[in-house]
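Since the structure of chain P is already known, use the hints to place chains V, F and A on it.
Listed here are the chains, written in short residue letters.
There are 4 protein chains.
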Amino acid sequence: MTATAESTDLRFPIGKFDWNIKVSEADYPRLIAEIAATPGALRSAVAGLSRDQLETRYRPDGWTVKQVVHHVPDSHLNAYTRFKLALTENEPTIKPYEEDKWAELPDSQRVPIDVSLDLLDALHTRWVALLKAMDAADFNRAFVHPEHNRKFTLGQLLALYAWHGRHHVAHITSLRKREGW
Amino acid sequence: MTATAESTDLRFPIGKFDWNIKVSEADYPRLIAEIAATPGALRSAVAGLSRDQLETRYRPDGWTVKQVVHHVPDSHLNAYTRFKLALTENEPTIKPYEEDKWAELPDSQRVPIDVSLDLLDALHTRWVALLKAMDAADFNRAFVHPEHNRKFTLGQLLALYAWHGRHHVAHITSLRKREGW
Amino acid sequence: MTATAESTDLRFPIGKFDWNIKVSEADYPRLIAEIAATPGALRSAVAGLSRDQLETRYRPDGWTVKQVVHHVPDSHLNAYTRFKLALTENEPTIKPYEEDKWAELPDSQRVPIDVSLDLLDALHTRWVALLKAMDAADFNRAFVHPEHNRKFTLGQLLALYAWHGRHHVAHITSLRKREGW
Amino acid sequence: MTATAESTDLRFPIGKFDWNIKVSEADYPRLIAEIAATPGALRSAVAGLSRDQLETRYRPDGWTVKQVVHHVPDSHLNAYTRFKLALTENEPTIKPYEEDKWAELPDSQRVPIDVSLDLLDALHTRWVALLKAMDAADFNRAFVHPEHNRKFTLGQLLALYAWHGRHHVAHITSLRKREGW
Chain P
4 MTATAESTDL RFPIGKFDWN IKVSEADYPR LIAEIAATPG ALRSAVAGLS
54 RDQLETRYRP DGWTVKQVVH HVPDSHLNAY TRFKLALTEN EPTIKPYEED
104 KWAELPDSQR VPIDVSLDLL DALHTRWVAL LKAMDAADFN RAFVHPEHNR
154 KFTLGQLLAL YAWHGRHHVA HITSLRKREG W
Chain V
4 MTATAESTDL RFPIGKFDWN IKVSEADYPR LIAEIAATPG ALRSAVAGLS
54 RDQLETRYRP DGWTVKQVVH HVPDSHLNAY TRFKLALTEN EPTIKPYEED
104 KWAELPDSQR VPIDVSLDLL DALHTRWVAL LKAMDAADFN RAFVHPEHNR
154 KFTLGQLLAL YAWHGRHHVA HITSLRKREG W
Chain F
4 MTATAESTDL RFPIGKFDWN IKVSEADYPR LIAEIAATPG ALRSAVAGLS
54 RDQLETRYRP DGWTVKQVVH HVPDSHLNAY TRFKLALTEN EPTIKPYEED
104 KWAELPDSQR VPIDVSLDLL DALHTRWVAL LKAMDAADFN RAFVHPEHNR
154 KFTLGQLLAL YAWHGRHHVA HITSLRKREG W
Chain A
4 MTATAESTDL RFPIGKFDWN IKVSEADYPR LIAEIAATPG ALRSAVAGLS
54 RDQLETRYRP DGWTVKQVVH HVPDSHLNAY TRFKLALTEN EPTIKPYEED
104 KWAELPDSQR VPIDVSLDLL DALHTRWVAL LKAMDAADFN RAFVHPEHNR
154 KFTLGQLLAL YAWHGRHHVA HITSLRKREG W
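Chains as they are written, first to last, in this note's numbering: chain P, 4 to 184; chain V, 4 to 184; chain F, 4 to 184; chain A, 4 to 184.
Next comes chain P alone, as it looks inside the complex (with noise of 0.2 Å):
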């Protein structure tokens, strides 16, 4: 393996989004799981870490721990959005932004983690009691994504964000891993 498949293998440790996945009604569930487990599996992660542990980076020339975690509930507040912005409009095109930037973002840093663990459990509280209530059709309704330049189901965000929680705390737990802490 060479050095940048091992990078790329850092990067991804629960493997890339297939974002051609088909989502169909019985996957719901378990994918709404998931997003209700992300909060705890989070706070999990990163228990009882010192200072210098948040500060260190999940991979090379990636985020600290400390960004991964502020990260989290900035870009799942994004996506509870773009959930009530379809389900209240036809289509909508929502605004993406820059994550990169963001997290350089100085809350980022003058911040206690705690706080970004408190935001990410309220914000899934609610999150998940939206998601629990939609239907079939509300699933099925649609964003423009101006950057893909294409539509995105609510379903396929689903998936998304199922992913995207897990693999963040996969940096986590697999930086943990690989330092023994």
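Please keep in mind that the hints were generated in silico from the structure rather than gathered at the bench.
Some clues are possibly wrong.
All copies of an identical chain are treated as equivalent in the list; a pair is satisfied when it fits inside any one copy or across any two copies.
Here are the simulated lysine-lysine pairs, DSS-like style, with alpha carbons at most 27 Å apart [stated by the list, open to error]:
no., residue 1, residue 2
1, Lys-180, Lys-135
2, Lys-154, Lys-25
3, Lys-135, Lys-104
4, Lys-154, Lys-19
5, Lys-25, Lys-104
6, Lys-135, Lys-154
7, Lys-154, Lys-180
8, Lys-104, Lys-19
9, Lys-154, Lys-104
10, Lys-25, Lys-135
This is chains V, F and A only, laid out in the frame that chain P set:
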């Protein structure tokens, strides 16, 4: 005073926001302090209300107290997003949302208000940390609101949301005063 | 006014608790409302304070603002415990604790105040739910305080902690007023 | 296997706590990590459960899932108190509490589980900060448990509560496994 005027009063207990307000650098600390104080003020405003009181409309045909509480973090996470978009992109056009339709989504019915109070606490902690790190040039950064068809600076957005928190808290405190709760 | 008197004022900004207070059934709703309002009031009281301001003593030789914030949930979880002990046992003798020594334990230095504000929110939500479910006979249940060498009823304890929350909030708000923060 | 044995299994899914366990300095970091991981593990264990599932007993005649969730912070705030008492007094006699009666108090019925998950998060954050600041001499400090009529060191108490969190999480995860939830 006519019934119409009274109804206006109930809707705008602290008055309407002045969209032509001039905000200068000397105003920022006070406005940031108002945003910092909003989560505690909202929590105090609803403290001890019964389930029936939470289901009471703050004015005829208005939202229930519970809907008001769930609306505030939904609104403020959109505001937080607009700050981060304007800080990381060059005069981005933001995505408005239909707040009345969001207030009817099922999570606003199903989730206890504690969750939205916690969401607001955590969101404001990150937001205030960001605001305190911004300099005058940052507050002059702007975004385009496509429905108003004009630019707003982050200084103006700061004033809007300082008002917005006090506005909704006053919906609840004025209801409690009228009802003797 | 002498220095001693001034120092007394700073220590008791809302006055001392009257240990011989008579509390009757008509007082309970107001006292419960005061306990319900404490977490929001404390959160508002510290909103937007800088790290240096949090490390400032609220009076010469007194606790820092940060210590006050961490003290309140430590004190109130002891109070919550006393309510539950008196409700489930027959006039139990409770265990006092040495609050000044607790305030010097290392968690009060190391933990951000957000954590204690969240702890207080959650603790009071459970406590207030308990208080609202109590009838007059429950408030007449008693416990023995071995240092005061006397019985207290839960009605008296309710009055004490309604005062206690306002007392510590006033330490912080009166400091901010004096300092112009 | 007899019915009695099966019932024992459901009650002790990870086995009983060994009250004669020897705990040494080398064990503390792992035990602290287990206590740090408990709030995330409990949150994940209940993620996505319906109201009916929360009202299900984890075993015949046992507590409901909801009662288990509310019990954990009640128990751990007593444990946290015992740590602080033993650190600030000389072998104090602590006050036991009747956990089965506490579990029947009305707050356990009336309060959403989110509140107790938040309470546990915040409490463990303070507790773990305290534990990490303790040295070997601190863990050798002791308190007297009047019902067991013996001394326990804080090292032993640490082991007990590392076990206790995993014990109750396993009540819920083993129920979900049996029920296919």
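Going through the hints against the structure:
no. : hint              : in the structure
1   : Lys-180 - Lys-135 : between (34 Å within a copy, 21 Å between copies)
2   : Lys-154 - Lys-25  : within (14 Å within a copy, 41 Å between copies)
3   : Lys-135 - Lys-104 : between (33 Å within a copy, 18 Å between copies)
4   : Lys-154 - Lys-19  : within (20 Å within a copy, 38 Å between copies)
5   : Lys-25 - Lys-104  : neither (31 Å within a copy, 29 Å between copies)
6   : Lys-135 - Lys-154 : within (23 Å within a copy, 38 Å between copies)
7   : Lys-154 - Lys-180 : neither (38 Å within a copy, 37 Å between copies)
8   : Lys-104 - Lys-19  : within (22 Å within a copy, 35 Å between copies)
9   : Lys-154 - Lys-104 : both (25 Å within a copy, 22 Å between copies)
10  : Lys-25 - Lys-135  : within (20 Å within a copy, 45 Å between copies)
Of the hints listed earlier, those the structure fails to meet are numbers 5 and 7, in rising order.
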